[in-house]
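Dock chain B against the given chain A, drawing on the hints supplied.
For reference, the chains in residue letters:
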Amino acid sequence: MRQARALLAIVVSAFFLFPLYLVIANAFKTDPEILRSPARPPIGPTLDGMSGVLSVGDVTGGLVNSLLITGSTIALIMVVSSMLAFALHMSNSWISNAVGTVILFGLILPTPVILIPVFRVLKYIGLENSFPGLILFLCAYYAPFAVLVYRGFMRSIPKELAEAASIDGASLASIYWSVILPLLRPATASVLVICGVWVWNEFLPPLVLLGPLQGNTVTVGLFRSVGQFDVNYGQLFSYMLFVSIPVLVFYLLLQRYFVRGLTAGATK
Amino acid sequence: MAMGAPTTALFAALVVVPIGVTVHYSLNDVNFLRDEISWVGFSNYAKLWESGDFRHALYVTLLIAAASVVVPNALGLLFAVLLDAGSRLYTTLRIILFAPFVLSPLVVGLTFRWTLANDGSLNNALEALGIPGPEWISSPNLAVVSVGLALSWQLVAFATVLYVAALRAIPTDLYEAASIDGASGYLRFRLITWPLVAPAVTITTLISLISALKLYDHVVALTGGGPGRSSETVGLAIIRAGFTQNRAGLASAMAVLLLVITAATTAISLRVLRRREVEL
Numbered sequence: 000m001r002q003a004r005a006l007l008a009i010v011v012s013a014f015f016l017f018p019l020y021l022v023i024a025n026a027f028k029t030d031p032e033i034l035r036s037p038a039r040p041p042i043g044p045t046l047d048g049m050s051g052v053l054s055v056g057d058v059t060g061g062l063v064n065s066l067l068i069t070g071s072t073i074a075l076i077m078v079v080s081s082m083l084a085f086a087l088h089m090s091n092s093w094i095s096n097a098v099g100t101v102i103l104f105g106l107i108l109p110t111p112v113i114l115i116p117v118f119r120v121l122k123y124i125g126l127e128n129s130f131p132g133l134i135l136f137l138c139a140y141y142a143p144f145a146v147l148v149y150r151g152f153m154r155s156i157p158k159e160l161a162e163a164a165s166i167d168g169a170s171l172a173s174i175y176w177s178v179i180l181p182l183l184r185p186a187t188a189s190v191l192v193i194c195g196v197w198v199w200n201e202f203l204p205p206l207v208l209l210g211p212l213q214g215n216t217v218t219v220g221l222f223r224s225v226g227q228f229d230v231n232y233g234q235l236f237s238y239m240l241f242v243s244i245p246v247l248v249f250y251l252l253l254q255r256y257f258v259r260g261l262t263a264g265a266t267k
Numbered sequence: 000m001a002m003g004a005p006t007t008a009l010f011a012a013l014v015v016v017p018i019g020v021t022v023h024y025s026l027n028d029v030n031f032l033r034d035e036i037s038w039v040g041f042s043n044y045a046k047l048w049e050s051g052d053f054r055h056a057l058y059v060t061l062l063i064a065a066a067s068v069v070v071p072n073a074l075g076l077l078f079a080v081l082l083d084a085g086s087r088l089y090t091t092l093r094i095i096l097f098a099p100f101v102l103s104p105l106v107v108g109l110t111f112r113w114t115l116a117n118d119g120s121l122n123n124a125l126e127a128l129g130i131p132g133p134e135w136i137s138s139p140n141l142a143v144v145s146v147g148l149a150l151s152w153q154l155v156a157f158a159t160v161l162y163v164a165a166l167r168a169i170p171t172d173l174y175e176a177a178s179i180d181g182a183s184g185y186l187r188f189r190l191i192t193w194p195l196v197a198p199a200v201t202i203t204t205l206i207s208l209i210s211a212l213k214l215y216d217h218v219v220a221l222t223g224g225g226p227g228r229s230s231e232t233v234g235l236a237i238i239r240a241g242f243t244q245n246r247a248g249l250a251s252a253m254a255v256l257l258l259v260i261t262a263a264t265t266a267i268s269l270r271v272l273r274r275r276e277v278e279l
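So the protein lines, in turn, are chains A and B.
Quick note: the first sequence, position 248, residue 247 per numbering that gives the first Met the number 0, numbers continuous.
Quick note: the second sequence, position 170, residue 169 per numbering that gives the first Met the number 0, numbers continuous.
Worth flagging that the hints you see were computed from the coordinates, not collected in a lab.
Mixed in with the good hints there might be a few duds.
To be verified - Derived pair list, reagent style SDA-like, types lysine to any residue, alpha-carbon separation capped at 25 Å:
#1 A/Lys122 / B/Phe31
#2 B/Lys46 / B/Glu35
#3 A/Lys122 / A/Gly168
#4 A/Lys158 / B/Ala1
#5 A/Lys122 / B/Lys46
#6 B/Lys46 / B/His23
#7 A/Lys158 / A/Ala97
#8 A/Lys122 / B/Leu125
#9 A/Lys158 / B/Leu61
#10 A/Lys158 / B/Phe31
#11 B/Lys46 / B/Ile36
#12 A/Lys122 / B/Phe242
#13 A/Lys122 / B/Ala182
#14 B/Lys46 / B/Ala12
#15 A/Lys122 / B/Leu32
#16 A/Lys158 / A/Ala188
#17 A/Lys158 / A/Gly168
#18 A/Lys122 / B/Ser229
#19 B/Lys46 / B/Ser229
Bound-form chain A, shown alone (with noise of 0.2 Å):
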């Protein structure tokens, strides 16, 4: 019984591997073999694919976009919302209530729903076809999630602690990094790890936002080769992976805070 149960437990869990499996075998195969059995593990593992790909496509400098926009985005999301989420915390005017309140909408917009109208907004100062628009951007769209997470674990924080250190004569916002932001560690790690796997396979953002000549993310880039590759499908597959690797390792090293993370608007 046990070791029935253990058995249809890994078959479920590789049933859900299977596509990636797919992405990783067939990275390393060539195309013949790719179609003639694609479920079948590279022997002989070929790096046709993967040198291809990186000498066709821009994937070094997408992956290099990807990063710099993914590590902006949620660097700023961290600060802003977190200080947002203290300023909620501590305050409760009419103002902050109703802050806290429309914000929380953020949460179910869909993006095609704005897209249109932010690029005339970042057009309107400046900031069309840009990466600093384009991060703003996402910024603004991920920060009722971090505010959540934030505002949720927040609460385990006694208002007492921040109100001791002001009686002492510290400001607020030296109370919140110097008390607060330490204390916010766990959150931190959930909303940098959820918020960044957002924002790395987000596609239509950096699509319609940074337009044709600002360089591409990966995800775009994948998508621009889709008709380009069809022909050659190592290097198709080698192009997925280059994209899911990042996010695979991110997710790995901090997996448990994933969960917690996605949890904690719920445990209130």
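Chain B only, in chain A's frame:
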């Protein structure tokens, strides 16, 4: 509140204002190329109402949304019960099983396109069993099913891990007490497990609903909305009208409708599901 100013300003400028602009555009005829905008009232909405293409996109989106509420909750809970054990094997399997959720939807869509192709792995496997494989991607109805499968594959992974976390939080003495009182396996599930995983039901439902209603990446990678427009979602229709056809007014009317539908369905589900949580 000064510390909240940066996020509030960003959110106002790049989320709240754009929503307002979308509503404004939806009531106008907008031409960015000639920089013209003229008031047309509700005629964009009227055009949508008459457009068979849009009604079909709405139907596809709602169908996938309904399926992606049911499938991840049902399979997620089932797999969670299977994987809820303490040993290292199960811990490892849970980490593996969650991986699909962090993959790019484009990558997921492309691997599904490959797996579901007429001569793909799935049909090869079916043929080996003596079942003729259907045309997953090139037949209009199955194309929608394929898109739903790709999305569900990610959402089930997510739901399973969430349900495992919820199951692990249930105190075991509850089950022991129930067993001593002679409760059957079904009764223990019905009276202990199901009520106590209520928060996981809420999050799974909300995340699934939101992911399905904004569906874009999976479709573009898997079917491109085809064959024809048979698997086009509202997300795809918005981008096509707004960017490819330069009809921002019409696209904005679709966007407003999608926003209203998303807000309404999430508000209703939240209300229903939260009430269930409170009753415990």
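Going down the list of hints, with the structure as the test:
1. A/Lys122 / B/Phe31: The given pair, whose Cα atoms are some 12 Å apart, holds under the 25 Å limit.
2. B/Lys46 / B/Glu35: Between B/Lys46 and B/Glu35 the Cα gap is close to 20 Å, so the pair holds against 25 Å.
3. A/Lys122 / A/Gly168: Violated, at about 44 Å.
4. A/Lys158 / B/Ala1: Holds, at about 18 Å.
5. A/Lys122 / B/Lys46: Violated - the C-alpha atoms of B/Lys46 and A/Lys122 are around 29 Å apart, more than 25 Å.
6. B/Lys46 / B/His23: holds, 17 Å
7. A/Lys158 / A/Ala97: Within the cut-off at roughly 20 Å; holds.
8. A/Lys122 / B/Leu125: violated, 52 Å
9. A/Lys158 / B/Leu61: violated, 44 Å
10. A/Lys158 / B/Phe31: Violated, because 51 Å separates the two Cα atoms, which is more than 25 Å.
11. B/Lys46 / B/Ile36: holds, 18 Å
12. A/Lys122 / B/Phe242: holds, 16 Å
13. A/Lys122 / B/Ala182: violated, 65 Å
14. B/Lys46 / B/Ala12: violated, 30 Å
15. A/Lys122 / B/Leu32: holds, 14 Å
16. A/Lys158 / A/Ala188: holds, 22 Å
17. A/Lys158 / A/Gly168: holds, 16 Å
18. A/Lys122 / B/Ser229: violated, 35 Å
19. B/Lys46 / B/Ser229: Given pair B/Lys46, B/Ser229 holds - Cα atoms ~19 Å apart, limit 25 Å.
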